[in-house]
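Please model the complete structure; the sequences and the hints are all you need to start from.
Residue strings, one per chain:
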Amino acid sequence: MRIVEGLKYSKDHEWVKVEGNRATIGITDYAQHSLGDIVFVELPEVGDHIDKDETFGVVESVKAASDIYLPVAGTVEKINEALEAAPELINEDAFENWLICVEMDDSSEYEDLMDATEYEAFCQD
Amino acid sequence: MGDLKRTVLYDNHVKAGATLVDFGGWEMPIQYPHGIVDEHLHTRIKAGIFDVSHMARFIITGKEATAFLQYVLTNNVFALDLLQAQYTMIPNKNGGAIDDAYLYRFYEDRYLLVVNAANADKDWQHLNNEIKAFDAQITDQSAELAMISLQGPEAKNILKKLTGSEFLTEPLKNALGILNYHGAPLLIARTGYTGEPLGFELFAKAEQSPEIWEKLLGLGAMAVGLGARDTLRLEAGLPLYGHELGLDNEGQEIPIFSCPLAKFAVSFAADKGNYLGRAPLREQYCGFKAIMERDFSDLSKLPRIVRSLAITGKGVARAGCKVFKDGREVGVITSATMVPYLKAEGYGLDSKITDEKAMRGIGLALLDGDVEINDPVEVEIRNKRVAAVIVPYHLKSDAPPYARPILYGVEVTRQFESAANYPGKALNLVKKSLDNTHHRQYETINLIPSEQAHSSAVRLLSVMDPSFRYAEHKKTKSFYDYDVFYYQGTAFIDEIEYLLMEEFKQYFNCAEVETRVISGQMANTAVFSALMDYKNRVNRKVEAKRLGYILNNHIIRGGHLSAQPMGALHDYIAVDPRTEKTAVVNFPVEPDNLFKIDVEETKKVITTYRPELIIFGKSMVLHKEPVQEIRQFIDDQKLNAVIMYDMAHVLGLVGDYFQDPFKEGAELVTGSTHKTFFGTQRGVIAGNYDKDDYKYGLWETIETRAFPGSVSNHHLGTMLGLLMAAYEMNYFKDDYQRTVIENAKYFAKALAEAGLDVAGDPQISYTETHQVVVRVGYGIGPEVARRLEESNIIINYQATPEEEGFTASGAIRIGVAEMTRFGFTKAAFKETAELMADVILRKKTVAEDVKKLRSQFTTMKYCFDDEAIAEQLEKLKATL
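As they're listed, the protein sequences go chains A and B.
Take 1 as the starting number for the first sequence in my numbering and just add one per residue.
Take 1 as the starting number for the second sequence in my numbering and just add one per residue.
No lab work stands behind these hints: they were computed from the structure.
Where is the CB? At the ideal position from N, CA and C, for every residue including glycine.
Any given hint could be a false lead.
[To be verified] List time: in silico DSS-like cross-link candidates among lysine-lysine, alpha-carbon distance up to 30 Å:
#, chain 1, residue 1, chain 2, residue 2
1, A, Lys52, A, Lys11
2, B, Lys314, A, Lys78
3, B, Lys384, A, Lys11
4, B, Lys93, B, Lys122
5, A, Lys78, A, Lys52
6, B, Lys325, B, Lys289
7, A, Lys63, B, Lys396
8, B, Lys861, B, Lys624
9, B, Lys325, B, Lys314
10, B, Lys851, B, Lys826
11, B, Lys357, A, Lys78
12, B, Lys46, A, Lys63
13, A, Lys63, B, Lys215
14, A, Lys63, B, Lys325
15, A, Lys63, B, Lys343
16, A, Lys63, B, Lys93
17, B, Lys357, A, Lys63
[What the hints assert, rightly or not] Label pairs and their computed distance ranges (CB to CB):
#, chain 1, residue 1, chain 2, residue 2, range
18, B, Gly320, A, Arg22, 32 to 42 Å
19, B, Pro376, A, Glu84, 44 to 54 Å
20, A, Ala86, B, Thr61, 54 to 64 Å
21, B, Ala358, A, Glu77, 25 to 35 Å
22, A, Ala86, B, Gly409, 13 to 23 Å
23, A, Glu84, B, Lys263, 33 to 43 Å
24, A, Arg22, B, Pro376, 39 to 49 Å
25, B, Gly346, A, Glu84, 24 to 34 Å
Written as structure tokens, this is what we have:
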């Protein structure tokens, strides 16, 4: 399992990368591995406002559908359209292939998330 | 997962890095590190192995074992011959499924029943309760006998390597075999849960199975977990208990007939007797029949059935999603996900499976009976309606060795260049015909054993004036059976037809000939129709009884299509009410020569089934048929069977060098007149009944089933040509027949010397006919045939008796008749053999060498070519 230093992580196995007030969100390598072959990704519309811990999309594997939750509240600025045609990119590299970018409502929410070390310990529990 | 049960292969799974889950109380691999997609695809293009030891294996024995199974299972156990398996249901008294199961008959005295892991305890209790009323015993052998499923196009090769056994089972679905693995029996079944045309389930001693598992991996199979097992079965449209069978999502029992496989798994045979759930199942069947016949007026007997559905919109459907049609809720998804497939390029036999992966959304749904194939529907996925369509199936397995995905909306189109206007089209047609004739007559070596070139006289006569005419005629009792013609202008053809019959009587040395049938298949149809009519002659006030039993050559052992239930027998063969199968049995073949009928075993079959019709003759034919031996046996046993010899392929070989059917004891001979015979393309029926024979009535029936039964116009042009061909044959046959058989033997030896694997017995130079069969490698017959054609050598690919069907052919079939007619010498056959080895073994293209060789042999032999005839033929040609 791969964990990238410098990112923040949620208990629902999303990663968050922040530049200024903008957060890029994806699912972790641990999540893609547990899901198995990803076959479909459903993402919100640009401009949607999504609350913290609210569902913003679905990642589906052959086995099951998994809701994905936004670890930080915000307004959707960009979605990764490449995933519509090639959802398996997430299996290939979960950190490279992000899901959405949001303009955060409150950047302090970011600080509450786990860092790489904490997340690694969390996964091992 | 402390309380979970583990199969004997648990350590193998852990070692392989499997992700283990709780499945019906068992700790089982859901997937291995390759993942579901790769496991699925590897099974489809190579082979996958599945640990299915978690399923339960029960052995049923005892005097009333069969009666017990007839009572607790829905299928007809009488249909299960030794070394066969059948899909079946364990019904409850309401017509619902306690479980679905497979019943195997490896041994005479015991049955093996395999049931689902999650239902095993429930099944065990139920069966033990019911068995009390029978003198039968049930034991649980799940622990002693492990079960591994090996599925995919490579499965057969892998299993051969594992066991060192060349012969596994008959190449038919549900066939069983007992092999030996290091001193213990290894039971194998051609069954599976993937839709693969090649798949085996292995029952191995538990102690041996971890080693077998590892060896299978070493031989190229990939371990497949329950995840891909589910996507594979979903793609194949196979039911899963708890989804398509058992209880639905609202806890209501799903009727067994809602599951499309019920059609094959439920029997109402009178001999089966009453059984659990029979009456409600009968009601369900009436409902099912109404739905299939599109009568939707009353769906109460069977409200819903399981259909396949393809998702055309965006989203992944899952079990439980509601299905809507025109806004109305019509049912629910029972299983669905996205499954992978590999894209294919090209069409038909030339289509190639690429390594480009793709995914598609497919499902099974329990839908109202009036929802039909091609209906557009919507599936509710997370409150969104997503477009879908009802499809007939998701996968087809009728082109082994591959199972191929059937994608919704794919249409195969064909386009040929064509001129813009009709005069242009007409000119093109003539030009192309000239090119084609030139190519096939001067540039190619024609080795298809069912084909023959015709002499100029035969060809020309076939298009002369009678070819536009009619000459219906019928023997009339009032005129002492003198033929009465319906039209004027028929005197010439009357004479021709009379002469033709006389020539054939002389050729066969028989009493009667019917020449009006225009193909060999029609000859057989007319004979079967006549036999059935004759059988029912005493009482015509009731529905006519069909024929049965019939003894014939199985199609996989070279039996002719026109003597099979799928061919000309179709409308004349009975169904045995006890087994519910067509009343056909096949000639047993010799264990070490599958091309040859085993006479002693055949006698046993005849004694058991007492067939009313015995049909000799094959389309893949290397040996004489044992007509004389069987005639002798029939007469000794005082059995009243008609012996018929369908000589289509060997009609031109009748006589001293091959077989004399009537002398040997055949009663009827049929055939086509254009394979080893000299053409034209027609059929013939010959019988050896004298007018005072009590069976002469059968012959008269054959005549009336020819006309008016089969033809009105009997194609007079080719009849004229055929008379010339019959003259040629009767005049030249001694030399021709001897040379053909000599050439076939010589060619077979030359092919073997050139390094090719010639089938048959080397002791007799491989063949006693005009045919030679060469094995080229499993499944690559079609490709080899195509490459030979690129080198101007025309043969046909052929499935041998071990192979599953024509697309899996591993052989080519060759005939020497046509090239013998063109005067091919031994040296020419030798050179052809070497050129073929160049193409087959060394992948060379030898078209130019073939053209050069062929150009030396363009003059037809065994025909009349003196000056007087040539001069008259010129005059005939001038009339065109």
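Here is how each hint holds up against the structure:
1. A/Lys52 <-> A/Lys11: Distance of about 13 Å is within 30 Å: holds.
2. B/Lys314 <-> A/Lys78: Measuring from Cα to Cα gives roughly 20 Å; hence the hint holds.
3. B/Lys384 <-> A/Lys11: holds, 28 Å
4. B/Lys93 <-> B/Lys122: holds, 15 Å
5. A/Lys78 <-> A/Lys52: The given pair, whose Cα atoms are some 17 Å apart, holds under the 30 Å limit.
6. B/Lys325 <-> B/Lys289: holds, 22 Å
7. A/Lys63 <-> B/Lys396: holds, 24 Å
8. B/Lys861 <-> B/Lys624: Since the Cα atoms of B/Lys861 and B/Lys624 sit roughly 26 Å apart, the hinted pair holds (cutoff 30 Å).
9. B/Lys325 <-> B/Lys314: Holds: B/Lys325 and B/Lys314 sit about 17 Å apart, inside 30 Å.
10. B/Lys851 <-> B/Lys826: holds, 17 Å
11. B/Lys357 <-> A/Lys78: The given pair, whose Cα atoms are some 28 Å apart, holds under the 30 Å limit.
12. B/Lys46 <-> A/Lys63: Holds: B/Lys46 and A/Lys63 sit about 23 Å apart, inside 30 Å.
13. A/Lys63 <-> B/Lys215: At roughly 29 Å apart (the allowed maximum being 30 Å), B/Lys215 and A/Lys63 satisfy the hint.
14. A/Lys63 <-> B/Lys325: holds, 27 Å
15. A/Lys63 <-> B/Lys343: holds, 22 Å
16. A/Lys63 <-> B/Lys93: violated, 35 Å
17. B/Lys357 <-> A/Lys63: holds, 18 Å
18. B/Gly320 <-> A/Arg22: 32 to 42 Å: With Cβ atoms ~38 Å apart, the hint holds.
19. B/Pro376 <-> A/Glu84: 44 to 54 Å: Roughly 23 Å apart at Cβ, these two residues miss the hinted range, so it is violated.
20. A/Ala86 <-> B/Thr61: 54 to 64 Å: Given range 54 to 64 Å: holds, Cβ gap about 56 Å.
21. B/Ala358 <-> A/Glu77: 25 to 35 Å: holds, 31 Å
22. A/Ala86 <-> B/Gly409: 13 to 23 Å: At roughly 22 Å between Cβ atoms, B/Gly409 and A/Ala86 fall inside 13 to 23 Å, so the hint holds.
23. A/Glu84 <-> B/Lys263: 33 to 43 Å: holds, 40 Å
24. A/Arg22 <-> B/Pro376: 39 to 49 Å: Cβ of A/Arg22 to Cβ of B/Pro376: about 42 Å, so the range 39 to 49 Å holds.
25. B/Gly346 <-> A/Glu84: 24 to 34 Å: At roughly 29 Å between Cβ atoms, A/Glu84 and B/Gly346 fall inside 24 to 34 Å, so the hint holds.
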